[in-house]
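Number of protein chains: 2
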Amino acid sequence: MAIIVHKYGGTSMGSPERIKNVARRVAKWHRAGHQMLVVVSAMSGETNRLLALAKEISPNPSPRELDVIASTGEQVSMGLLALALHELGVDAISFNGSQVAVHTDSSHTKARIESIDGERIHSELDAGKVVIVAGFQGRDADGNVTTLGRGGSDTSAVALAVAVGAQECLIFTDVDGVYTTDPRIEPRAARLDAISFEEMLELASLGSKVLQIRSVEFAGKYRMPMRVLSSLTDPDLPVEEEAVSGTLISFEDDPNMEKALVSGIACTRDEAKITLAQVPDTPGVAYKILGPIAEANIDVDMIVQNVSHAGTTDFTFTVAKGDLTRALLVLEKDVVPVVKAKEVATSTEIAKVSCVGIGMRTHANVAARIFNALAKEGINIQMIGTSEIKVSLVIEDKYMELAVRALHQAFGLNKE
Amino acid sequence: MAIIVHKYGGTSMGSPERIKNVARRVAKWHRAGHQMLVVVSAMSGETNRLLALAKEISPNPSPRELDVIASTGEQVSMGLLALALHELGVDAISFNGSQVAVHTDSSHTKARIESIDGERIHSELDAGKVVIVAGFQGRDADGNVTTLGRGGSDTSAVALAVAVGAQECLIFTDVDGVYTTDPRIEPRAARLDAISFEEMLELASLGSKVLQIRSVEFAGKYRMPMRVLSSLTDPDLPVEEEAVSGTLISFEDDPNMEKALVSGIACTRDEAKITLAQVPDTPGVAYKILGPIAEANIDVDMIVQNVSHAGTTDFTFTVAKGDLTRALLVLEKDVVPVVKAKEVATSTEIAKVSCVGIGMRTHANVAARIFNALAKEGINIQMIGTSEIKVSLVIEDKYMELAVRALHQAFGLNKE
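Residue numbers (our numbering), protein chains in the order written: chain A, 1 to 416; chain B, 417 to 832.
If we strip away everything but chain A, and leave its shape as in the complex, we get (with noise of 0.2 Å):
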């Protein structure tokens, strides 16, 4: 029999009522015959709420004793699970991370997963029960309770997913797949029935926020088919039908899927972009700019140093808006006095454009197609970046809608 993972976030868990829905839901597979284990979030608003208590008490609050408490929310919802599924009839479990031995390191509020004992999960399975299991949490090595970050509810459930060797992981949420840009911004975008694992990490990172990255990461270190489905459709859609529902995140040399040139258009707002002008073209001086920035733990996105004139060159990388202030703080102290800049330019006022498809691997004019409907559109572009499978633009930021739209419509993603 196989196991199947469900995931619930926290608007799916958001109400008693919707954990009714769940259950519903999950009772359904059970039925149907699979081993069902699933992976929850804290009720919508609930993780906020016990936040903003302990900030209540303590501005700057210890990461131990955060995670001991944004911990209790999944802990909540588990059980109300479980009490919603012996409503229905159906014998259910939960467990918290420490119970079902989800080890972490000790990084709290941001711990990575580093193994997880699949036995009793196992032996609840097997003894025919559906087995729940708080997302977002594990244990590290002293006993310590440990959150992954926000969002880790998905890391969570692929993780688990892999330790029990499951068929796929279900991520249920408000959406009912992934797109091939933001529908918001192109009412044309399709659904995509499926994409690969490489041009999901791409667009995960590049503002699709369907899917936490590290989740997919994951999945893809261990080949974890997962699918992105709705949980606002009827609960008691037929099993079939909602099992082939949504978008399923499968492998590249899936010979059933088909390689789209772009399968996805994603988009940015998030990000600043920084230049150091006119500073000496010399061995080490990308080191001594973004040394510095790494160190202060600064993530830089886009990088770009173009071809020197009379010794000098000018260098470029974006960070997020957030960090932008700290980013500059670092220069000015650490970097222009080293590597002598003339001028440090910055603006807020960009966007970020990505083209994702698998296709583009084996095709070379890609880059020449999206140069050409932006030229097109009169949209002028500052930075390129590219790698195998993605091709990135800064532009204007006033532009992005416009720059989404014709990149969509020239790669023949629109919806028929």
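Keep in mind that the hints are not guaranteed to be accurate.
Across the chosen pairs, the derived CB separations fall in these ranges [unchecked claim]: (1) A/R31 / B/A710: 39 to 49 Å; (2) A/P238 / B/A468: 31 to 41 Å; (3) A/D234 / B/S531: 32 to 42 Å.
No more than 30 Å apart at the CA atoms, straight line, and that leaves these computed lysine-lysine pairs for DSS-like [claimed, not checked]: (4) A/K321 / A/K333; (5) B/K471 / A/K20; (6) B/K526 / B/K444; (7) A/K129 / B/K471; (8) A/K340 / A/K288; (9) B/K526 / B/K792; (10) A/K55 / A/K28; (11) A/K28 / B/K471; (12) A/K55 / B/K545; (13) A/K110 / B/K545; (14) B/K749 / B/K737; (15) A/K20 / B/K545; (16) B/K749 / B/K625; (17) B/K831 / A/K129; (18) B/K749 / A/K55.
Which bits of chain A does chain B cover? Going by a derived footprint, with three or more residues having C-beta under 8 Å, they are [stated by the list, open to error]: (19) 14 to 23; (20) 49 to 59; (21) 65 to 72; (22) 86 to 100; (23) 320 to 326.
The set of hints was computed from the structure by calculation and includes no laboratory data.
Treat the numbers as computed from the prediction; the structure is a model and nothing was measured.
A virtual CB, placed ideally from N, CA and C, is assigned to each residue, including glycine.
Based on the hints, put chain B in the right spot on chain A.
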């Protein structure tokens, strides 16, 4: 360095502001050179909120899952108190019942503590930390979360005090000690500086709501001194003053303890009386009556059987009012047909008043003084029960307050 245990209930932990006050109090004791172990309840209202959520999903929820849900209340409290102590510059760490190995049996929602491993607590105390432990909860042999039932945090505190070899267990609450009787009934009730365990046990079980009876039993078994004191006083009260405030629950053979004839008067309206009239006075009749009652898990309190007339006798006992209907069903079905009682009469309009005092052991005239005091007020006595250190009387309920005041006066308990 002596270990001191503090226990704070739901009212004391009822808001972020109050939690900060608790932290100030604990920090003060810590600074005074004590190793501090603090046991906390859930914030007031929180356990009820959680249980209401559970009931909304399931009218008859599984005890295991109820424990999973309810135990989160204390976990939030303990984390918040740790944060409040950090704000005061005090190193503090919190643990739930599983983490410090509070092992219980598997009776969910009313588990009993079997053992506690004090090792982790000792090592944190020795590192100079204040250790905070969630009251009310533990884990069973299979790692399931258990709770001790309502009020169980007192028991947790005493059990932890015993496990770590504490010097004293201080129960901070919203009253400032144990009184000679309920001050709402007799305004001249006086706070006792000290009371023996046995007396406290009788008073706790007789309707004095100050301490949970199981905590007193536990303290008595392991001879752990307890003190009941107020959490509503100024948190900056000097430690030397606070350390001798409230009521000490001490050992009977403490030579410093004055052996009052009667230490306190307890009273309750929570019981109902059942009389089986004219049952044959043959051996085994009491068992035939109370056996089926016990099997139905109904606790019987007072039992009276008088001498027989013409081969029959009247058999009277009291049960909690909430159990009356169930008791009558059992009697009708399994008892009356067997013992051939002529009639079953009940009354809910009764009160039980009890005089408790170690001094009774060596003084014979206590009962006489009780009867005299009540006779002077024209109060008729319906049932009498005695133990070594207690005399209990069932009277018509409307006389309860009058009887309490009369007895309080008769035994010289009125404060000057």
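**Report entry** Violations among the numbered hints, reported as their numbers in ascending order
**Finding:** 3, 6, 9, 10, 15, 16, 17, 18 and 23
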